[in-house]
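In order, the protein sequence lines correspond to chains A and B. So for the first sequence, my numbering puts the first residue at 2; every next one is plus one. So for the second sequence, my numbering puts the first residue at 2; every next one is plus one.
Calculated directly from the structure, the hints in this document are not laboratory data. Treat the hints with caution; some may be incorrect.
Each pair may be met inside one copy or between any two copies, as identical chains are not told apart.
Stated by the list, open to error - Think about it this way: if two alpha-carbon atoms lie no more than 25 Å apart in a straight line, the pair counts; the simulated DMTMM-like pairs of lysine to aspartate or glutamate are:
hint : residue 1 : residue 2
1    : Lys227    : Glu216
2    : Lys173    : Glu130
3    : Lys331    : Glu277
4    : Lys313    : Glu138
5    : Lys270    : Asp289
6    : Lys313    : Glu324
7    : Lys227    : Glu214
8    : Lys28     : Asp101
9    : Lys108    : Glu290
10   : Lys262    : Glu170
11   : Lys279    : Asp220
2 protein chains.
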Amino acid sequence: MTVQAMHVGVLGFGGLGQAAAKVLAPKQEMLLVAAADKHGYAYAAEGLNAQNSIAAYRSQGSLGYLEPFGTLTNLSIEDLIASGNRVDGYFLALPNLPNDFIPSVTKQFITSGWRGVLVDAIKRTSAVEQLLAMGSELQAAGITYLTGCGATPGLLTAAAALAAQSYAEIHKVEITFGVGIANWEAYRATIREDIAHMPGYSVEAARAMTDAEVEALLDKTSGILKLENMEHADDVMLEIAGICSRDRVTVGGIVDTRNPKKPLSTNVKITGRTFEGKISTHTFTLGDETSMAANVCGPAFGYLKAGMQLHKRGIHGIFTAAEIMPQFVK
Amino acid sequence: MTVQAMHVGVLGFGGLGQAAAKVLAPKQEMLLVAAADKHGYAYAAEGLNAQNSIAAYRSQGSLGYLEPFGTLTNLSIEDLIASGNRVDGYFLALPNLPNDFIPSVTKQFITSGWRGVLVDAIKRTSAVEQLLAMGSELQAAGITYLTGCGATPGLLTAAAALAAQSYAEIHKVEITFGVGIANWEAYRATIREDIAHMPGYSVEAARAMTDAEVEALLDKTSGILKLENMEHADDVMLEIAGICSRDRVTVGGIVDTRNPKKPLSTNVKITGRTFEGKISTHTFTLGDETSMAANVCGPAFGYLKAGMQLHKRGIHGIFTAAEIMPQFVK
Chain A
2 MTVQAMHVGV LGFGGLGQAA AKVLAPKQEM LLVAAADKHG YAYAAEGLNA QNSIAAYRSQ
62 GSLGYLEPFG TLTNLSIEDL IASGNRVDGY FLALPNLPND FIPSVTKQFI TSGWRGVLVD
122 AIKRTSAVEQ LLAMGSELQA AGITYLTGCG ATPGLLTAAA ALAAQSYAEI HKVEITFGVG
182 IANWEAYRAT IREDIAHMPG YSVEAARAMT DAEVEALLDK TSGILKLENM EHADDVMLEI
242 AGICSRDRVT VGGIVDTRNP KKPLSTNVKI TGRTFEGKIS THTFTLGDET SMAANVCGPA
302 FGYLKAGMQL HKRGIHGIFT AAEIMPQFVK
Chain B
2 MTVQAMHVGV LGFGGLGQAA AKVLAPKQEM LLVAAADKHG YAYAAEGLNA QNSIAAYRSQ
62 GSLGYLEPFG TLTNLSIEDL IASGNRVDGY FLALPNLPND FIPSVTKQFI TSGWRGVLVD
122 AIKRTSAVEQ LLAMGSELQA AGITYLTGCG ATPGLLTAAA ALAAQSYAEI HKVEITFGVG
182 IANWEAYRAT IREDIAHMPG YSVEAARAMT DAEVEALLDK TSGILKLENM EHADDVMLEI
242 AGICSRDRVT VGGIVDTRNP KKPLSTNVKI TGRTFEGKIS THTFTLGDET SMAANVCGPA
302 FGYLKAGMQL HKRGIHGIFT AAEIMPQFVK
């Protein structure tokens, strides 16, 4: 911890938010000062201890119970913003369900008069489109918002944008992910988001499923979720970065909910034509030992740092992970 | 060609500069208006035709002979800058030999009062260090300089910076390139730079070699140059981006000077430790059908476009390819 450390808040304290707290713990350039869940928030200017915060959330169900930093409130995000405590930037580790949840939280930030940096690890094209439509409002509010900053969209989208540089024209961007998690209960919201992408399911239907219903579905598939042609914002992000039209971008993957080992190596393949007329494919492959949490939270904070640099230069509005190089957080 | 197209100059018209002209030919966002070689330059506000420029250079030895746009002069770069013609940005496709050649050209730009964007595809650590030391001069001069923007350093360095996001600590960045060229004579300067990296050779010794001497060396190795622990600026670039100390970065490769097929797939491997304590490796691999020219010139212009956006926002000084996301040029 240094006096120059960025004061960071994490909204949402499920599997992703808790991992975010752990990722931040050893960092010198960022200090976790605030975190919120559905029923409360905790704030400490000197920094929240990740282990204590996670323990309070797990044992009592909310960060609001964390002594002496917690506040119990069902308007946790609103109240945290209104508290006026210094938070330079937030990672929105919130569920993507419903699809307008993150955009509605963003509206709260705009309305509040708070100025700073927001990053999300949102997945759906339609959610990113809602945020992109708020670009001028964000700019007027003095907020620098970086969207799609997880793994996919995020790390893999940026890799595609980078790889595209070798080509005169991009024919195809194919993202294929493998996720292995030991116990799906730690990622309740994420798994429901995945189910929502399966044939015969909608966002609403997946969200309404009880844990028992999710269990029953997973029993039928031996814990495997196979996903194809998913609605992922990588497509709109690469389109607005001018790399290719969105119909040339596909996202699919396999999630094993009963095994921490990945069923396949997550990768993105970028196929294009060079200026000499050659067709070729660049490939970016993630190491199998890296978890979803590492591949989402690391980039999210890397983009938060980059966003802070933009913010300090007076550059506000909305940007995607395909346009900005994330900065390494020490 | 649109009225908003960026007016681009290319300094150096060997293999790389000629490829750059071809890469630019179909672009709408960039117009090649100026190019210079040792003995002259050509300028045309409406754009230089790549084929005609290459034909003039090849048949007569200099762009200075290109009718009606050429000027013969042994101070070609100086005279082109002094001509006062509008050039928004330059790609310095100049030889890296001698090691202070690109820094000395940069001094000319600083002294001239010209304001705009410069990118290079420089290779050596010591050359990039000379440029980094000129950061405040560049900033004061209103120049936005992006260094190390080719393939390695450049595309692969940026991929390493991006991949690093998944990790809490980076242990190793290993760049291994394969290059296949049908006839080394088209890349005389580049091949001498490669030879300079071999045991028993220096930059000066390689530069002083006659074509016959290069031929004789290549005859002994069946046209293969094997390079290890090369002095490549990827190391200093990743160090100043805060990703890892330079001693954790290695660059090596194999150049086949008698076969356009690559002897191995060019790749960068990024090994690190995640926040959970797992050791893993991300890999970015270039498609074998992509040429050195495509992997150098594409990124160089992608960074030139990104540099222009920085320049327009009043952001001047020096940046490396590991800090900035290149933009796709249409």
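Consistency of the hints with the structure:
1. Proximity of Lys227 to Glu216 under the C-alpha cut-off of 25 Å is restricted to the intra-copy arrangement: shortest distance 16 Å within a copy versus 56 Å between copies.
2. For a Cα distance limit of 25 Å, the shortest separation of Lys173 from Glu130 inside one copy, 21 Å, qualifies, whereas the shortest one across copies, 38 Å, does not.
3. For the homomeric pair Lys331 and Glu277, the shortest alpha-carbon distance between copies (16 Å) is at most 25 Å, but the shortest distance inside one copy (41 Å) is not.
4. Both within a single protomer and between protomers do Lys313 and Glu138 lie at most 25 Å apart by alpha-carbon distance, with minima of 18 Å and 22 Å respectively.
5. For the identical chains of this complex, Lys270 and Asp289 are neighbours both inside a copy (17 Å) and across copies (13 Å), given an alpha-carbon limit of 25 Å.
6. With identical chains, the CA atoms of Lys313 and Glu324 are at most 25 Å apart both within one copy (18 Å) and between copies (16 Å).
7. Proximity of Lys227 to Glu214 under the C-alpha cut-off of 25 Å is restricted to the intra-copy arrangement: shortest distance 17 Å within a copy versus 60 Å between copies.
8. Taking the closest pair of Cα atoms, Lys28 and Asp101 never come within 25 Å of each other, the shortest separation being 32 Å inside a single copy and 38 Å across copies.
9. In this homomeric assembly, Lys108 and Glu290 never come within 25 Å of each other (Cα to Cα): the closest approach is 37 Å inside a single copy and 47 Å across copies.
10. Taking identical chains as interchangeable, the C-alpha atoms of Lys262 and Glu170 lie at most 25 Å apart only when they sit on different chains, with a minimum of 22 Å there against 36 Å within one chain.
11. When the C-alpha separation of Lys279 and Asp220 is checked against a cutoff of 25 Å, the pair qualifies neither within a copy, at 47 Å, nor between copies, at 29 Å.
Against the hints set out earlier in the document, violations occur for numbers 8, 9, 11.
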